[in-house]
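Protein chains: 2
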Amino acid sequence: MPRLVFTPQNKEIEVETGTNLLQAADQAGLYIEGDCAGKGTCGKCRVKIVKGDPGNPTKAEKKHLSEKELAEGWALSCQKKVKEDLTVEVPVQKEAHLRKTTLAGGVEDLEAEPVVEKIAVKLSRPAVKDQTADLERLLKQLDREDLTIKLRELSGFPGMLRNNNYTVTAAIAGNRIISIEPGDTSDQLFGIAFDIGTTTIMGSLLDLQKAEVIAVTATTNPQNIYGADVISRINHASEGKHELKQLQDKVIEAANEIIKDLLKQTKIARDRVYEIIAVGNTTMSHLFMGVDPTYLAPAPFIPAYSRALEVEASELGLDINPAGRVTFLPNIAGYVGSDTLGVILATEMDKRTSNCAAIDIGTNGELVLAANGRLMACSTAAGPAFEGAQIKQGMRASAGAVEAVQFIDSDFVIDTIDDAPAIGICGSGLIDSAAALVDAGLIDKTGRLINPEDNPDQAPDKFKKRIKQGDNGLEFILVPGSDSETGEDIVLSQGDLRELQLAKGAIYAGLKILLKEAEVKEEDLDEVLLAGAFGNYVRKESALTIGLLPRLAPEKITAVGNAAGDGSRMALASKSIRERAFALPGKVEHLELSTRQDFQEIFVDALKYGQ
Amino acid sequence: MPRLVFTPQNKEIEVETGTNLLQAADQAGLYIEGDCAGKGTCGKCRVKIVKGDPGNPTKAEKKHLSEKELAEGWALSCQKKVKEDLTVEVPVQKEAHLRKTTLAGGVEDLEAEPVVEKIAVKLSRPAVKDQTADLERLLKQLDREDLTIKLRELSGFPGMLRNNNYTVTAAIAGNRIISIEPGDTSDQLFGIAFDIGTTTIMGSLLDLQKAEVIAVTATTNPQNIYGADVISRINHASEGKHELKQLQDKVIEAANEIIKDLLKQTKIARDRVYEIIAVGNTTMSHLFMGVDPTYLAPAPFIPAYSRALEVEASELGLDINPAGRVTFLPNIAGYVGSDTLGVILATEMDKRTSNCAAIDIGTNGELVLAANGRLMACSTAAGPAFEGAQIKQGMRASAGAVEAVQFIDSDFVIDTIDDAPAIGICGSGLIDSAAALVDAGLIDKTGRLINPEDNPDQAPDKFKKRIKQGDNGLEFILVPGSDSETGEDIVLSQGDLRELQLAKGAIYAGLKILLKEAEVKEEDLDEVLLAGAFGNYVRKESALTIGLLPRLAPEKITAVGNAAGDGSRMALASKSIRERAFALPGKVEHLELSTRQDFQEIFVDALKYGQ
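One line per chain: the protein sequences are A and F, in this order.
Using the working numbering, the first residue of the first sequence is number 12, and each one after it goes up by one.
Using the working numbering, the first residue of the second sequence is number 12, and each one after it goes up by one.
Mixed in with the good hints, there may be bad ones.
Identical copies carry no separate label here, and so any pair may be met within one copy or between two of them.
[What the hints assert, rightly or not] The calculated DMTMM-like cross-link candidates involving lysine to aspartate or glutamate, where the alpha carbons are at most 20 Å apart (straight line), are: (1) K278 <-> D330; (2) K140 <-> E528; (3) K598 <-> D157; (4) K161 <-> E326; (5) K256 <-> E323; (6) K161 <-> E323.
Hints were generated in silico from the structure; no laboratory data involved.
The structure presented is a predicted model; accordingly, all values stated were derived computationally and were not measured.
From just these sequences and the hints, can you work out the full model?
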């Protein structure tokens, strides 16, 4: 079998002849970026073959790679079938998600109200006059005769009791003893809150007795090998039990990596973690739990369940205390998941009396409106444009991404993350760029890029050097190849502007429909909350400029950070917040936009660029 | 590795050099009788080496086998270490337990009151106007929003629903959905009741909608490779987790064999069996559940638990519906298990107002007394003498066992099971023999066998030919070698009479102490119930003659069959009886005999033979 060496990770692996490099990298445990699930259409899974014959380029490679790049050994890993030994250089992904993990809020002011209780007891010694069985002795001392216990814990209990001078500690959740531990461990009580995103998975380790976040980490959702969006993943899972299991295994493995990292950071033993709370969109919930998501995809978009599912960690193979409780918060509808529910929890939308909208933009876009005593939610087919997918040089928010573009003093001011030479454009850079182009008069309300050369009356002539003809229409050069990391121009294409237009139009249309249902005028909105990492980095002014949001005063717009993740942490830290979460699906009205008669008209109206 | 062939089963196996034949037979899945766990002291694990060199006999073999037998290739399988290829003939065990399985009572007059409920529903189809999730749709239709469900069942539910025109059947126990099945299967509801004996495991398959036993089967408890009695098994389990697991694996494998056989007999699918109820002594309960039994052995004899343990079938690896409930009924004390509780249930001792005692003699002996509004229980160190262990030619109740001996018209009338040529003596034969010797005046009250030759004044001279000198004292010849299957005399030895004396004395002493505590005189006992297969076959008159029981009119004594097994079946069939079972441990006073000051005196008094 051919042998592959991946650098700089220095991973070696033997693979079957004919395996493509994307699959091989996955087998080796490496992550190569990509959005099209190996179809060769996104052109993002570039690698450089530094030893061995790269073979003839495919059509897709010719499209996405220049002659020079091909000559240097660059290839698209999804296109390259392995026939012989190769050494492959994988471009290092600067951790896009690290930015997300800095947003670990939500529990600062919470009172610790853990669901799991730890109680240390010293039992009386048995004797012929008191032959009470060990378990009964424990339950009597705890004054909890109703408790049940797993065989796993009971099995070694008699020896543990006698080896520890009859002092043990019980971890109790509801009417279940999760764990019996030797000696007094009552001061150790930990849990992990997960935010299972389509793109990024984030985990926070909490000390539940202090309601304190003590470590945070994140990783890429490795399900992306099956596609960047939820529909691709549903389609794969629909193929059969094996395929569903593949997707479940991927997310569970990633969760275990996060757990391992959190425990390593804090030197806490896995058995002292008794709870996991997870939020995510409805598809992520189904895949995490291994439940068939097939019928989420076609209308009428029916989930298998909406309530919170509570299972044992061992059932899912999650590496915390095996009897630990894993709770995925309830979803509201097929495309409004517990991540949105987390946003509602964290922003207290369910308690607000003002007219308030929350917009969570991740790989999908969900909206919530609290108005006139009602709480409504909908999802929009915003697509992952804001995370850089389907954007020609789109990338996630990592070093070298164009993240801020402003039109100041009649010129463009462009910033990249970490001030690194530009590689591509991330979500906030995309919106900023489009807004700057609106400001500069280089796009019209229909979203058409204007070439100053052809339309000297419409667009300033001084920018004619920044507009060029690309493969598919005009392109605006943000950073010339001479200044970029790749040597190529970093551009915003007409296609990119269309993608953005569809995405922002979908969100704005969703908001318009929620307002219409609630009989609230746009100008009567008291507040708009922008959730998600995206919401945190996007400039309000740009969002207003391109018409992602209604015409509101910028001070009415607030970024609330990763509110979904905050909601997860809050539900982990507080029993009463968790109970609020369980009751929420019954209080939120879900609007299904896709089948509404008025959707098309409102959507078209929402597509306009500029205000 | 040497290759062994076992005949007549024709099983072939390769084993490590040095493995003994007893272990090898176990590895091959064969059962060889034996009581001493391979110590070479019981002499019962005989096999015949028909091909290959048997090697030199060990001391133990010389003791238990005659020169002639050794010359013929007979060996003790525990003594024979394998060095080369051998063909080994294993004497067929005529199924001793088949007699036990004919006693499948307990539920004839019960009203069916199943704990698991099956409900078929036809759900309305989802639509954009009604996007209720599949699970919520089901629970709403069932009007049971409180139900929980296993991921295993939920995983494929969406597809099942749509492939079956939205008709499914739920099996519900308490607040759990055990199973969701395609279409309407509401008429299929089965459960299995187990009686886990130290020696024999019995299973009954019940149609729970009719409270009807539809198949019964039994097998030897394969834990016997680790010793015939509970103490040997506790000792083995105490050695470590691995050893405990070995014992658990044995009993679970045997239970699965029984399940397989029951399902094959009735052509019922395993997934339609939703419940298992088990009874057994406290050690069997611990080993079945895989819980450390170490502290049952030394005083103060403390079980790990006494309540009923309810677990999922999949946790134990039992081959019924994976989410099926397995309930081991509660034990009362370290040596008074749920088998005794089953006896109380079946005989309704807890409801009786008369003075009534129940005696269950199996591998151990337990007693229950209902008197003066109290319900008391104790265990006795009766040992397995009544099952033929520690008796020179003892055997279980299978073909060729001397089962009935009467002294009629001044002579002995001897019957064997199936009228087959005699091989040995079973429990009822042992008691009958002793009683007949009392009647014939051949033993005195101290249990000494009288040789008519030496004591012509005490014992009839005509029996002097039936008394001979054995290796360890006198022996009474029940069947001369000329008439026996083995060619050897079938004898009752002085040693056998002593074993019986200790066993019957222990039981009688236990009863005496219970009566003393209850302040009831022996003559005020209204009824004595004899439970267990033994109780069914023993002649009351003989039991009275040897002083196993107090001097009562024979009509006060009733054999109640396998009451422990009956109790198990009843608790399976009826929810209210099961609830009665759960409450029983709190109602039964346990007396610990072994540490009582008065025990020795009462025991010595109870040893007397004859009345």
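Within, between, both or neither: K140, E528 at alpha-carbon 20 Å
Between copies only: 16 Å across, 73 Å inside.
Alpha-carbon proximity between K278 and D330, which holds within one copy, between copies, both or neither at 20 Å
So K278 and D330 pass the 20 Å test inside one copy only (15 Å; across, 41 Å).
Taking 20 Å as the upper bound on the Cα-Cα distance, should K598 and D157 be classified as within, between, both, or neither?
Between. Shortest inter-copy distance 18 Å satisfies the 20 Å Cα cut-off; intra-copy 32 Å does not.
Treating 20 Å as the Cα threshold, decide for K161 and E323: within, between, both or neither.
both (11 Å within a copy, 10 Å between copies)
Using 20 Å as the alpha-carbon threshold, which applies to K161 and E326: within, between, both, or neither?
both (13 Å within a copy, 10 Å between copies)
With 20 Å as the alpha-carbon cut-off, assign the pair K256 and E323 to within, between, both or neither.
Classified as within: same-chain Cα gap 18 Å, cross-chain 23 Å, threshold 20 Å.
Consistency note: the structure conflicts with none of the earlier hints.
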